[in-house]
Amino acid sequence: MSMRRFITATIAGAGLIASVGAQQIRVGIEVVRVDALVMAGRQPVTGLKAEDFDVLDSGVAQAVSALSFERLPLNIICVLDVSGSVQGEPLRRLREGTTAIIDALAADDRAALLAFSNRLQLHTGLTGDKEKLKTALANVEAGNATSMLDATFAGLALRDTDPGRTLLLLFTDGVDTASWLTARRVLDAARRTDVVIYPVSVRTGPLVTIVNLPSGAAMMPMRQQSTQQGKESETLLKAFAEETGGRLFVVERQTDLKQAFLDVVKEFRQRYVLTYTPTGVPAPGWHPLEVRVKNRNVQVTARRGYYTSR
Amino acid sequence: MWLCAAPAFAQPPTPRASYENLIGLYRKGAFERAVSELRFVSVADIDEQVMTDWARVARREERRDDLAAALMLHSEVLFEEAASDPVRLRSNVAVRKHNQVLDAIHQQLRGYSRNTPILRTWYLLWEAFRQGFSMSGNVPLSDHLDEGLSAFPEDADMLLTAGARHELIWWGVAQNPQRDPDGNSRAAQGSLNEARRYLRKSVDANPKAIEARIRLGRVLMLLGDLDAAGEQLTANSQSGQPAFEYLRLLFLGDLRERQNDPAGAMVAYEEAIGLTPSPQSARLAAAQVSHGMGRRSDAARIATQAMNTKRDENDPWWGYQRGQWWRIGYYMKVGRGLVVNAKGSTR
Numbered sequence: 004m005s006m007r008r009f010i011t012a013t014i015a016g017a018g019l020i021a022s023v024g025a026q027q028i029r030v031g032i033e034v035v036r037v038d039a040l041v042m043a044g045r046q047p048v049t050g051l052k053a054e055d056f057d058v059l060d061s062g063v064a065q066a067v068s069a070l071s072f073e074r075l076p077l078n079i080i081c082v083l084d085v086s087g088s089v090q091g092e093p094l095r096r097l098r099e100g101t102t103a104i105i106d107a108l109a110a111d112d113r114a115a116l117l118a119f120s121n122r123l124q125l126h127t128g129l130t131g132d133k134e135k136l137k138t139a140l141a142n143v144e145a146g147n148a149t150s151m152l153d154a155t156f157a158g159l160a161l162r163d164t165d166p167g168r169t170l171l172l173l174f175t176d177g178v179d180t181a182s183w184l185t186a187r188r189v190l191d192a193a194r195r196t197d198v199v200i201y202p203v204s205v206r207t208g209p210l211v212t213i214v215n216l217p218s219g220a221a222m223m224p225m226r227q228q229s230t231q232q233g234k235e236s237e238t239l240l241k242a243f244a245e246e247t248g249g250r251l252f253v254v255e256r257q258t259d260l261k262q263a264f265l266d267v268v269k270e271f272r273q274r275y276v277l278t279y280t281p282t283g284v285p286a287p288g289w290h291p292l293e294v295r296v297k298n299r300n301v302q303v304t305a306r307r308g309y310y311t312s313r
Numbered sequence: 003m004w005l006c007a008a009p010a011f012a013q014p015p016t017p018r019a020s021y022e023n024l025i026g027l028y029r030k031g032a033f034e035r036a037v038s039e040l041r042f043v044s045v046a047d048i049d050e051q052v053m054t055d056w057a058r059v060a061r062r063e064e065r066r067d068d069l070a071a072a073l074m075l076h077s078e079v080l081f082e083e084a085a086s087d088p089v090r091l092r093s094n095v096a097v098r099k100h101n102q103v104l105d106a107i108h109q110q111l112r113g114y115s116r117n118t119p120i121l122r123t124w125y126l127l128w129e130a131f132r133q134g135f136s137m138s139g140n141v142p143l144s145d146h147l148d149e150g151l152s153a154f155p156e157d158a159d160m161l162l163t164a165g166a167r168h169e170l171i172w173w174g175v176a177q178n179p180q181r182d183p184d185g186n187s188r189a190a191q192g193s194l195n196e197a198r199r200y201l202r203k204s205v206d207a208n209p210k211a212i213e214a215r216i217r218l219g220r221v222l223m224l225l226g227d228l229d230a231a232g233e234q235l236t237a238n239s240q241s242g243q244p245a246f247e248y249l250r251l252l253f254l255g256d257l258r259e260r261q262n263d264p265a266g267a268m269v270a271y272e273e274a275i276g277l278t279p280s281p282q283s284a285r286l287a288a289a290q291v292s293h294g295m296g297r298r299s300d301a302a303r304i305a306t307q308a309m310n311t312k313r314d315e316n317d318p319w320w321g322y323q324r325g326q327w328w329r330i331g332y333y334m335k336v337g338r339g340l341v342v343n344a345k346g347s348t349r
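For the protein sequence lines, the chains are A and B, in the order given.
According to this note's numbering, numbering within the first sequence proceeds without interruption in unit steps and concludes at 313.
According to this note's numbering, numbering within the second sequence proceeds without interruption in unit steps and concludes at 349.
Honestly, I wouldn't trust all of these hints.
Covered stretches of chain A (chain B as the covering partner; in silico rule of three or more C-beta atoms under 8 angstroms from a C-beta of chain B) [to be verified]:
1) 108-122
2) 177-186
To give an idea of the chain B side of the interface with chain A (calculated C-beta under 7 angstroms), a few residues [what the hints assert, rightly or not]:
3) Tyr114
4) Pro209
5) Leu286
6) Ala289
7) His293
8) Ala302
9) Met309
10) Trp319
If you're looking for bench data, these hints aren't it; they were derived computationally from the structure.
Nothing here was measured: the structure is a model prediction, and the numbers come from that model.
Cβ atoms here follow ideal geometry from the backbone N, Cα and C, with glycine treated the same way.
Model the full structure from these sequences, guided by the hints.
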């Protein structure tokens, strides 16, 4: 039996309910699952046990009841910027990097492909079918403006009730120019899921936006990405990563994209998943989280908190 | 030695004559040809000095219509140049040259009269073009909006254009949440206040103009005056223009969210979706509200529907973000019409 089917069967067989929020999987009583990366310098720390962790939920120490490492199947939602600045060679590099992710999927892993310019297009939902993913990837075209915030939200919304861990790999090379949703609302949505966002940003020069006028005339307003705008864009991407426990990868050259994508997936596999039953904490509302490793000089990266409605 | 007469070749026209011919072509309605020739054919012969000098000597009253034609012609050439190489707009020599010539022509024209129909149209056209590029920061084009407002202080479209500009300035400040999380900085609020001032005047000048009312409603909402915003966004609900009706409902949904009324927001967003199903913004807004209400399956379903909408239609929200840019085609048509129908002498 595959790991995915095993987990699903275990929960269903016990007559329990996996909630849609997924940050909290309610199995009769409410439990919380936290995805944490432990690093010593640049090296991930392996071999830790549940008792090695301190978890503070709303400032109250919790007892970690279960811990897993490299064992849960992954859902990888690829949210890819294919705006005008990605046309040509950058798109080829983007396809190359995404293909590497598809090839790296394990038997129980799944991936989805969401490409965005000003318009969002779901090329394929979560699937483990590598050929289907590659065919979808081949159909991706680049052009137009950038709706990065809208696409990030749509990627978060794709998180389904499957108990697997979900990585949202957000690739973008510029600033948002067309979204309806605001950063504040998308950050709020990110706090309400257990999806971990890993943004990958490529520093580029100018961005071109093509707008078709209602009159039928087509012209191209330009959006010059200044150094300042680039920094601000990275700050926003970093906020997405920090809120969800992910990490921002910034690459200087398109040629480094493939390796960055592979590094993201590798790092995500090397994270711990801690489970605990909240005790002595107020509810509902925002629960700030703090995860530490006892007696070790290591860095722990985990989401900053979670929402609960009850 | 044989002596023979030299062949009777016609003398090539002087640069100034060539230039005046192009203006004549434009006046006769050969717009594309005149634009193309000025841009590609004649530009090597007709340098900036010739054009600027022509503008300065064309002072006689009967040349006013020629100046109006030149104003439109150079504007069209500049637009084409900018569109052909938008990435290097700031360093585009042709754009800079035509911008300077336009300054000279404009000075002459407003010397005759400050509030002619062609100047009104051109101020609106020029500002609409600038707004399309405004999110890139400083646009290297002369700013004539204040002159337009000064010459047409009660004109509803001019006031709307000014309001849209200040709304765009706010957008540029507020777009990055790390810099100004809610657009509450003094600079951002100042822009919104200016936008409100102009848009309210525009609505007063033409109460039936739906765009000014919708923009005013949004600006009031952004300023936190939610009741007043609601009044604007629920008035004149039947505009007869699907794009504006869609935007009105989109902003009304946003307003309901700010009023902590997610159910009301969903009603507005669903109405917008029912009105014109292809745009994604209302669907994503509805998905986000569902997500916030804990209805994750609904959110996933609606977001997926959004991403499967038809690709061949634009979202009115994308046009709205570029101020008056969407009106360029209309203003150009009006300007061309004024030039062709002018009766003044070409010489």
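Structure-based check of each hint:
1. 108-122: It holds, with 3 qualifying residues against the three required.
2. 177-186: holds (count 8)
3. Tyr114: Result: violated, 30 angstroms to nearest chain A Cβ.
4. Pro209: violated, 23 angstroms
5. Leu286: holds, 5 angstroms
6. Ala289: holds, 6 angstroms
7. His293: Check passed: Cβ of His293 of chain B comes within 5 angstroms of chain A, closer than 7 angstroms.
8. Ala302: Hint on Ala302 of chain B: holds, closest Cβ of chain A at ~5 angstroms, below 7 angstroms.
9. Met309: OK, holds: Met309 of chain B within 7 angstroms of chain A, min 4 angstroms.
10. Trp319: Status holds, d = 5 angstroms.
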